[in-house]
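These are the residues of each chain, in order.
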Amino acid sequence: MAYFLQQLINGLTLGAIYGLIAIGYTMVYGIVGMINFAHGEIYMIGAFIALIAFALLAQIGVTSVAAALLIVLVVTMIFTSAYGWSVERVAYRPLRRSFRLAPLISAIGMSILLQNLVQVLQGARVKTLPPLIRGGFTLMEENGFAVTLSILQIVIIVTTTVLMVGFALLIERTSLGRAQRACEQDRLMAELVGVNTDRAISLTFVIGAALAAVAGVMVVLYYGVVDFFIGFLAGLKAFTAAVLGGIGSIPGAMLGGLIIGLTESLWAAYLPAAYKDVAAFALLILILIFRPTGLLGRPEVEKV
Amino acid sequence: MASPSYAVRPLAWAKESALTAAIAFVLALPLAGFRLPDGGAITLGFRPMWVVVAVVAVAIGRFLLAVNRDLGLMRGTNISLASLWSDARAAVAPYGWWIALSALALMVALPVLPFGTRRTLDLATLVLIYVMLGAGLNIVVGLAGLLDLGYVAFYAVGAYTYALLSVNFGLSFWMCLPIAGFLAAAAGLALGFPVLRLRGDYLAIVTLGFGEMVRIILINWHSLTGGSNGIARIPTPTLLGLQFTGAARLSFLYFIILALAAVTMLFAARIRVTAIGRAWEALREDEIACRSLGLNPTTIKLSAFAVGAMFAGLAGAFFAARQGFVSPASFTFMESAIILAIVVLGGMGSQTGLVFAAAVLVLLPEIFRDFAELRLLLFGAAMVLIMIWRPQGLVAHRDPSVRLAGRRS
Chain A
1 MAYFLQQLIN GLTLGAIYGL IAIGYTMVYG IVGMINFAHG EIYMIGAFIA
51 LIAFALLAQI GVTSVAAALL IVLVVTMIFT SAYGWSVERV AYRPLRRSFR
101 LAPLISAIGM SILLQNLVQV LQGARVKTLP PLIRGGFTLM EENGFAVTLS
151 ILQIVIIVTT TVLMVGFALL IERTSLGRAQ RACEQDRLMA ELVGVNTDRA
201 ISLTFVIGAA LAAVAGVMVV LYYGVVDFFI GFLAGLKAFT AAVLGGIGSI
251 PGAMLGGLII GLTESLWAAY LPAAYKDVAA FALLILILIF RPTGLLGRPE
301 VEKV
Chain B
305 MASPSYAVRP LAWAKESALT AAIAFVLALP LAGFRLPDGG AITLGFRPMW
355 VVVAVVAVAI GRFLLAVNRD LGLMRGTNIS LASLWSDARA AVAPYGWWIA
405 LSALALMVAL PVLPFGTRRT LDLATLVLIY VMLGAGLNIV VGLAGLLDLG
455 YVAFYAVGAY TYALLSVNFG LSFWMCLPIA GFLAAAAGLA LGFPVLRLRG
505 DYLAIVTLGF GEMVRIILIN WHSLTGGSNG IARIPTPTLL GLQFTGAARL
555 SFLYFIILAL AAVTMLFAAR IRVTAIGRAW EALREDEIAC RSLGLNPTTI
605 KLSAFAVGAM FAGLAGAFFA ARQGFVSPAS FTFMESAIIL AIVVLGGMGS
655 QTGLVFAAAV LVLLPEIFRD FAELRLLLFG AAMVLIMIWR PQGLVAHRDP
705 SVRLAGRRS
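First to last, the sequence lines map onto chains A and B.
Numbering-wise (the working numbering), the first sequence opens with residue 1 and increments by one.
Numbering-wise (the working numbering), the second sequence opens with residue 305 and increments by one.
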């Protein structure tokens, strides 16, 4: 029981990170109907920028962990958003009227490009960060096994929740968000009534990238190990989460992220850990067979 | 962006290029400007020059693009790559068959020609493997319009089939070849059956996930596959019990893959005009129309999937025989991406384009060996640029093989 509870806590933390990345997939799919294959790389770039920002702050002598964390979050979100914006501008916008597979192939190219760009610029070796936030609480003890909830896990879950709610409010309440939702429902119609659709699409990519950047910061804090290849698997899993929750639905992406995180950590705990990555894909295939619209998705009606 | 034609607007150009340079600065500052240390230490490297170079290069590039757009330097002239291609194509089109035949003759004679050295033979074999893989994937992506990002999984199935059967049971290459094709096709059916009801993009991701699953299983199923160490000492094919070694082995392998690739190409060319080939193309063009005409999309897609997978399996068996060694490292997503790039660059559905694209993608990295680090980076950039400038592929584009007289869509 204690072991299970511990896995639950770990899974929730992991799930929060996947959920953040999944929102980017789901929003982009909602508005332009394409899988932003490079989104996993954006998250990886976020993690690298976060590491650089931490290192820079340490060098200029910032000692307060809370201040450092806040600065790193803001800086990483800004710089990573620039990447998200540029990727859309360079690789996807010229292809809006192209054939169906063109944006996806371009996205695959972009993903390979970004991955290798980071490898060339930062080297292929693993980058590490010593643990910054230590300590935690022991929730319960059973047969000598202590269930701990670390402060770091609390920080991750709280930050994630706050940011998700913030962005959900941005989409729900502001005029920018309204334009974004209008484009999602009917791009042509939105354009006809005066919505700047290019800007709305750019905004979607920027928000997606900013949330992926947060996920990058969190993963740097949580695991402390980053290399240029982390975007691929994380991207796939986050996409699975987005599909699981129902693509196009933001609450669905969060829910899907949590389920994927829990599945993964419980699988690793009770079943052969080497196959935990298989679990996510198997789950994806199962969902698509039995419930292609996802848990919270709307059924898609195809018109001739 | 509409702009007054032939207007000299240096201010506007400068503004445009400055804006782009500003964005380039933001992009380059963290990742190019700083270098994280390897290992645990926290001393950042600082490289201001890299940022400057990147920003200046982007500024100049954007300025030139803007000048070109407003002054129409490329307009009206025939110096663009695209028009060069179409001119060249129009010029050689009447001799298409002769060129194809002489190319085939050249390829058959390659081992006895003076430049048929070990290295050229080796490279030619490699190119032909990719031609075969490309032709197989072309059936799935080009003809049937199903984006398969996990094609390498079927390649792996074929390779491991031969490796395991020959090492454990001593079966010969010629026995294993059909088995490998059959098992790969079965894997294609097994994957295709549940997922082919999905829309294009979902299908792409699921196939990608399948490819990764196969690789993870290959790595972790130690007792069967040897894990990351792979399987070594896979025997070379024999001809009626005849063993080949050294240069003769190389030529023999080359002829096998030449025959396999030729059969695949011929099959792909001829299947277009059969009922199933037409059904694939029809399905690619409009699934709903197909359904209303009484075609069953699932079985048609399944057949495309299985046939494509079969060719990957055959190529995989050959790959294992040629290398004498297989490991999961040969079957990564990059491999799938390269095969897909061959199909896309070749202009989905085109045969000559396919051979050309396979040659370019396999030989270019060999030529630019010294820039190994930048290789994949340029590869990714090329994929994006080609989609933007020539989405119909470098060489040719095949329209549906059969269409009603006088109707162009």
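Keep in mind that the hints were calculated from the coordinates and are not lab data.
Only a predicted model underlies this, so the values are computations on that prediction, with no experimental measurement involved.
We put the beta carbon where it would ideally sit given N, CA and C, even for glycine.
Misleading hints may appear alongside valid ones.
DEER-style ranges, computed between Cβ atoms [to be verified]:
no. : chain 1 : residue 1 : chain 2 : residue 2 : range
1   : A       : 198       : B       : 628       : 46 to 56 Å
2   : B       : 528       : A       : 141       : 55 to 65 Å
3   : A       : 93        : B       : 394       : 29 to 39 Å
4   : B       : 668       : A       : 33        : 25 to 35 Å
5   : A       : 225       : B       : 395       : 52 to 62 Å
6   : A       : 33        : B       : 394       : 56 to 66 Å
7   : B       : 416       : A       : 33        : 48 to 58 Å
Could one say that the CB atoms of residue 225(A) and residue 395(B) fall in the range 52 to 62 Å? Because 57 Å falls inside the window, the suggested range holds.
Verify the CB-CB distance for residue 528(B) and residue 141(A) against the hinted window 55 to 65 Å. violated, 42 Å
Are residue 416(B) and residue 33(A) spaced within 48 to 58 Å by their CB atoms? For residue 33(A) against residue 416(B), whose Cβ atoms are near 54 Å apart, the range 48 to 58 Å holds.
Are residue 668(B) and residue 33(A) spaced within 25 to 35 Å by their CB atoms? Taking Cβ atoms as reference, residue 668(B) and residue 33(A) lie about 33 Å apart, which means the hint holds.
Is 29 to 39 Å respected by the C-beta to C-beta distance linking residue 93(A) and residue 394(B)? With Cβ atoms ~32 Å apart, the hint holds.
Should the hint that residue 33(A) and residue 394(B) are 56 to 66 Å apart at their CB atoms be regarded as holding? 36 Å Cβ-Cβ, so the 56 to 66 Å window is violated.
Against the range 46 to 56 Å, how does the distance between the Cβ atoms of residue 198(A) and residue 628(B) compare: consistent or not? holds, 55 Å
Violated hints, in rising order: 2 and 6; the structure is consistent with all others.
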